[in-house]
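Enquirer: Residue 263 in our numbering is what sits at position 152 of the sequence shown, and the numbering runs on without skipping anything.
One or more of the hints may lead you astray.
To be verified - The following label-pair restraints were derived from C-beta to C-beta distances: (1) Pro167 - Thr295: 36 to 42 angstroms; (2) Ala272 - Glu337: 26 to 32 angstroms; (3) Asp342 - Asp235: 21 to 27 angstroms; (4) Val396 - Glu187: 46 to 52 angstroms; (5) Gly199 - Gln148: 22 to 28 angstroms; (6) Pro332 - Ile238: 34 to 40 angstroms; (7) Ala203 - Glu315: 16 to 22 angstroms; (8) Pro350 - Pro167: 20 to 26 angstroms.
Hints listed in this document are in silico derivations from the structure and should not be mistaken for laboratory results.
The beta-carbon is built from N, C-alpha and C at its ideal position, and this holds for glycine as well.
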Amino acid sequence: MGVNEGTVTGYAKILDNGPDGDRWNLVVLAEGYLDSQMANFHLHALEIVNALTSTPPFDGLSSAINVHRVDIASNEEGADDPTACSGGTGAAVNTYLDASFCGQPSRRDLLTVDDDLAVQTAFDRVINTHAVLVLVNTRVYGGSGGDSGSVGVAVASLHPAAFNVAMHELGHSAFGLADEYDDTTDAQPHHPAPEPAEGNVTLEGTYPAIKWNGLVDSSTPMPTQENGDCDVSNSTPSPVPAGTVGAFAGADNYHCDVYRGEYSCKMRSLQQPFCAVCQDIINAVLFPFFP
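Given these sequences and hints, build the entire structure.
Expert: Structure (structure tokens):
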């Protein structure tokens, strides 16, 4: 398992905006790449840099960020794909970080790795690591975001949506953002107490109790949108113009009794930009590293 199933073969700093001690450092790890495929990983890592530095709000704060690449050659390519999840092929491969789909019995797309080993591998090369992104060499859709102690680990496959997945999962692992969707098969009707720790979802739908009240215009109704049927996700159009910050019911995998800041956001739908609330949270993390 793990380190017996591959070898760290190289390292490079691929976005250099100054000393690592002064910048926010993202470390990109290869997983499920053969040694003969490492040139592909180098290209994919550069594409991640391009995606990151062109995605708001990272585009405006890119000089606060260093990105590092760690080359890991696995014994076999891809990721485990257990048949316990619908659609799983049963593949079992020997990879350095033990990547596997089916992180939950109902979620084939929950692609996970050995987070502790990922963090250790990153810190062995970059002592000032702030976040880790693992790119898994498979085009099957999947990803995840979580943390291992003080450093978060995001995971993304090479599916065509990979770069949006990577940005979404970094939202979780590096910036503590919650999912804002409520349309999965295991979504629940009513969000329980207590107040979520994540800064982009809340049980409070009124001003000034809402977490992001500094971004809410006084003319915006609060709550801005409720869900009339808590047994299903609310798919009705937004009652306010796009970009309006308020309190929209449905988030954190619950239909009711929890609010998100905007109708659309990358934490709700991959193709959307980060909403103003999420951008504000990301800015607060990155700004201290700005030159």
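Enquirer: Now look at each hint and say whether the structure bears it out.
Expert: Evaluated hints:
1. Between Pro167 and Thr295 the CB atoms are about 26 angstroms apart, so this pair departs from the stated range of 36 to 42 angstroms.
2. The hint said 26 to 32 angstroms for the Cβ distance between Ala272 and Glu337, and at roughly 31 angstroms that hint holds.
3. The hinted window of 21 to 27 angstroms between Asp342 and Asp235 is violated, with their beta carbons roughly 49 angstroms apart.
4. Checked against the hint of 46 to 52 angstroms, the C-beta distance between Val396 and Glu187 comes to roughly 36 angstroms, which is inconsistent with it.
5. Between Gly199 and Gln148 the beta carbon distance is about 23 angstroms. The supplied range of 22 to 28 angstroms therefore holds.
6. Separation of Pro332 from Ile238 is about 49 angstroms and departs from the stated range, judged on CB atoms against 34 to 40 angstroms.
7. As the Cβ distance of Ala203 to Glu315 is approximately 46 angstroms, the hint placing it in 16 to 22 angstroms is violated.
8. Checked against the given bound of 20 to 26 angstroms, the beta carbons of Pro350 and Pro167, roughly 25 angstroms apart, stay inside it.
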